Amino acid sequence: MLLSGRALTKRYLMGDVEVTALREVDFDLAERELVVLLGPSGSGKSTLLNILGGLDRPTSGVVTYRGADMSHADEAMLTRYRREHVGFVFQFYNLIPSLTARENVALVADIAENPMKAEEALALVGLEERLDHFPSQLSGGQQQRIAIARAVVKRPEILLCDEPTGALDAATGHLVLEAIERVHRELETTVAIVTHNAPIAQMANRTVSLRDGRIASDVRNARPCAPREIVW
Amino acid sequence: MKALDRKLLRDLGRLRGQVVTIALVIACGIAQLVTFVTLYRSLEASRDTFYADTRFADVFVHLDRAPRSILPRLAEIPGVARVNGRSVGDFRLELPNVTVPLLGRFVSLDGPPDARLDEPFIDDGRTVTPGSSNEVVVSELFAHARDLHPGGSIVAVLGGHAVTLRVVGIATSPEYVIAVNPRSGFPDASTFGIFWMDGDALSKAMGESGEIDDVVLTVAAGADEANVIAAVDRELEPYGGTGAIPRAQQGSARSLDSKIEQYRSMSKFVPFVFLGVAAFLLNLVLSRIVGAQREQIATLKALGYGTGALARHYALLALAICGLGGGLGVLLGLGEGQLAVRSLLRFFNLPVLVFRFDAAAAIAGVIASFVAGLLGAFGAVRRTIRLPAAEAMQPEPPESFKPTFIERLELDRLLGVAGRMVLRDVERHPVRLALSALSVAMATSIMLVGTTMTDSLERAITNQFTRVEREDLTVAFDRPKSAEAVRELEHVPGVVHAEAQRAVGAKLTHGWRERDLAILGVPRNPQLRRLEDARGEPIRPPTSGVLLSRPLAQILDVRAGDDVDAEVLEAGRLHLPLRVEGFVDDFSGLSAYMDLPELERRLGEPPTVSGAFVSVARGDLPAVTARIDRLPGVASYSEPALDRAQFETQMSDSLRAMTVMLAIFASIIAVGMVFNNARIALAMRSRDLATLRILGFTRGEVATVLLGEQAIQLVLGIALGLPLGYGLGAAALGAIPPELFRVPPVLAASSLVWAVTVVLVSGIGCALWVRREADRLDLVSVLKARD
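Chains as they are written, first to last, in this note's numbering: chain P, 1 to 232; chain G, 1001 to 1787.
Since the hints were derived computationally from the structure, they do not count as laboratory data. Check before you lean on any hint, since a few could be wrong.
[Claimed, not checked] A short, non-exhaustive set of chain G residues, derived as facing chain P with CB atoms under 7 Å:
| no. | residue |
| --- | --- |
| 1 | 1002 |
| 2 | 1010 |
| 3 | 1335 |
| 4 | 1386 |
| 5 | 1388 |
| 6 | 1389 |
| 7 | 1390 |
[What the hints assert, rightly or not] Every beta carbon over 12 Å from chain P, so not counted as near; a handful from chain G, in silico:
| no. | residue |
| --- | --- |
| 8 | 1020 |
| 9 | 1371 |
| 10 | 1685 |
[To be verified] Partial chain G-side listing against chain P, Cβ under 8 Å, derived:
| no. | residue |
| --- | --- |
| 11 | 1004 |
| 12 | 1090 |
| 13 | 1237 |
| 14 | 1299 |
| 15 | 1391 |
| 16 | 1424 |
The structure presented is a predicted model; accordingly, all values stated were derived computationally and were not measured. Backbone N, C-alpha and C fix where the C-beta goes; we use that ideal spot for every residue, glycine too.
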């Protein structure tokens, strides 16, 4: 198994309130899978993704990447894990506003072992014409595709996307999903997409639904459809 | 260039207002450091070079009169390396169209130039030809002030005869780097000059026949100077030796050393006030800039950037600001240092000015502010890095607010919503408020340090010249005279009153402490020169015993009622036991005061005077001075009013420059503080502010929310800065060696208003600048944007 979580529980303080986001969750991600994690707001899906990506640690439970325990890894090891193996796409893109599209992608290429060229990654998401634009000069969909290019420029094994279409309209959302699907297909990257938008599950090999911090269902999809066929 | 470095450049560009304002504060600190260090190191190096080049003596002694045959005996004293005997005397000078009293100190040049000690250093022209009867070399500052050049001439009244002297050279001397006019007690190059003349010619003019009245000598390396001085004193006592003094106590050397010491101690104090503020500002602002980039840091972390790379990134930001400030500061400091050294040239007769720049001090200053900046940046980076990236990328959870102290007192109804938001924010961040107010306090106090010193000096001078020195003329006789001389003065038409004064050189001893000074005999009911206590109340000299200048009491460690021994430094060397009856709070110098008849009685001499204070009827001063000028036996006279004008011009020039400079520095700090805080507050709260506008708040109300905290910081800071500045000013005045001047601290209301105005205007100005940006918030885009 590429990435695996066992009995993952996560509790944290939100202001003065303690919130339990995950309760004893078991989850596996196999190589070259495209998994969609579905669930309403507060179901724990983003928390699970963050823990799998080494952005957060579980309160209890174990995460292993290719058999190595990541839940007890030190900060340096987690940094190396994120730098070498995982790419992230966030709902609000999290681009550095002072860097152009090319530079935002180069930011990751600069520290990766065997990156593709920034221009190549941007071509992969269809933005080869917008290399020298700053984030403020681009639409939300274009910004999100830069974020995808930035995530894949290092040729990660795993691409984790948190609500990648959450801030976008349907037409733009389709372009973003196509970019993700193309990365999955052409680079054979393992992909996990967190969304509350159920139709997106149609492009996945597998759909995992979460509710109240628990896995409610885990369903295989023998015939994933192309993103452009999805309607929402 | 790596993308992260590009981000750094863009951040620097985007934050340019903040970068420049902080860099300017750092530049001020570094500039001050470089200026003061340059100043004292340059003076020190120039002094040492000059002293060595001119063979400056180690020991100085003045005597009544002695034959030259005493010199070989002095040379035989173990430890004496080289001895020179000279004639030295003060004489009146006359120049066409000059009405102020001019005084010349004439020093003889004897023997071959390369065997002479304290050899004048010729800047222009040549030295006097041996045997010439009327050639003189003139001290540079006097020559400059009176437009004298080689080839020119000046009249001196030597031994009662007007003699025309030909100027052949312009020179400087290590003995008179700072030449204090003995009449006024102030260095004043326009009324007091040094003249070097052939030894035979000068003794002849003075009515001495080949005798000497002044000895200077050098001490061999390794010899004990104190032993040499004791032996010299024994040898010269029969000739009226007034007690040999080492170089450290020689008038000019002591003043120069204390000036250098003053700059050295200022270099350890003043720049660090600025650097402290700069470091603190850099710390505060960087920590807020980094805090505002919380989400970017989290993203970089999520992308795989480690702590080291992030730390390096923000360290470079701090380094860039410090580098800019440091570079600018070094340039400013070099310019300011050169200006300061040059402006000192106006007061010092110091020719070999070696300009010394201390790179190590500048670098140390830059490093100090860099480290402070780093600590600020790292604090914020660490706080962000410690959070899991997932959490740091989320907007910060709402801060937990509580009703404020004022609300608990139910005074909040007076405030309105905007006011309540400001107060809650302030109460939520007490440390931020305290530190920011402290910066403003520093700015205010920097202004007040300057004005406190100016005000206090002005008050002291006014006091000295209106209440203490009430005479119109101070007359000095060429030697002690009978009381008849004062009556003669009173007979001069226009003279209203003349008051006798007797000055006797004495060594005052209490236990193992001793000090050479003048005991001044003053009339019982002085009308012209008064003695005062600290409250400005007149004091009368006691019918027996002595009054001491207050700092002298500390030097000798005496209390009222103690006995001191006074060894009279005139022929006879009488020892007088004197009871200390009280203390005088005089402005300058160290003196002992006695009732004049009592002094005469103790000295066992008939009524004798060495000078007089004279008051003159209004309008008669020119006629009176013209007459006194021709009286035999008058060595010189001075006008306190002119001394005051001279003193004030000298002081006000440098003080005005300092006041303007301090005002600029204070504004830079106030601007640096308020602008940065307001700018960061705007960046961090633009979402909240836009929301308020959408909800129907006016621009004014939104500005209140944004700038209310800055206003509170400003008011608190000013309130704190006023006593702080006054205290620092008083401390700086306390650092003036009490032997030179005593200046009680005072603060004028106008200075207070000036300081408050400068800080307020700077603060309000940049707050309004930031408000313009707040007014222009694009409501919709602000609400959409997450960065």
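Going down the list of hints, with the structure as the test:
The interface hint given for residue 1002 (chain G) holds, since its Cβ lies 5 Å from the closest Cβ of chain P, which is under the 7 Å cut-off. The beta carbon of residue 1010 (chain G) is positioned within 7 Å of a beta carbon in chain P (closest approach about 4 Å), and the interface hint is therefore held. Because the beta carbon of residue 1335 (chain G) sits about 35 Å from the nearest beta carbon in chain P, more than 7 Å, this interface hint is broken. At about 9 Å, the closest approach between the beta carbon of residue 1386 (chain G) and any beta carbon in chain P exceeds 7 Å, and the interface hint on this residue is violated.
Of the supplied interface hints, the one on residue 1388 (chain G) holds, with its beta-carbon coming within about 4 Å of a beta-carbon of chain P, less than 7 Å. About 4 Å separates the beta-carbon of residue 1389 (chain G) from the nearest beta-carbon of chain P, less than 7 Å, and the hint is met. Of the supplied interface hints, the one on residue 1390 (chain G) holds, with its beta-carbon coming within about 4 Å of a beta-carbon of chain P, less than 7 Å. Residue 1020 (chain G), annotated as away from the interface, keeps every beta carbon of chain P farther than 12 Å; the closest lies near 18 Å.
Every CB of chain P lies more than 12 Å from the CB of residue 1371 (chain G), the least distance being 25 Å, so the non-interface label holds. No beta-carbon of chain P is positioned within 12 Å of the beta-carbon of residue 1685 (chain G); the least distance is around 18 Å. For the restraint placing residue 1004 (chain G) at the interface with chain P, the shortest Cβ-Cβ distance is roughly 6 Å, inside the 8 Å limit, so the hint holds. Given hint, residue 1090 (chain G) at the interface with chain P, is violated; its Cβ is 74 Å from that chain's nearest Cβ, farther than 8 Å.
For residue 1237 (chain G), the interface hint is violated, since its Cβ never comes within 8 Å of a Cβ in chain P; the closest pair sits about 84 Å apart. Restraint check, residue 1299 (chain G) versus chain P: the minimum CB separation of about 4 Å is within 8 Å; hint holds. Of the supplied interface hints, the one on residue 1391 (chain G) holds, with its beta-carbon coming within about 7 Å of a beta-carbon of chain P, less than 8 Å. The restraint placing residue 1424 (chain G) at the interface with chain P is violated, with a minimum CB-CB distance near 15 Å, outside the 8 Å limit.
In summary, the structure is inconsistent with hints 3, 4, 12, 13, 16 from the numbered list given earlier, while agreeing with the others.
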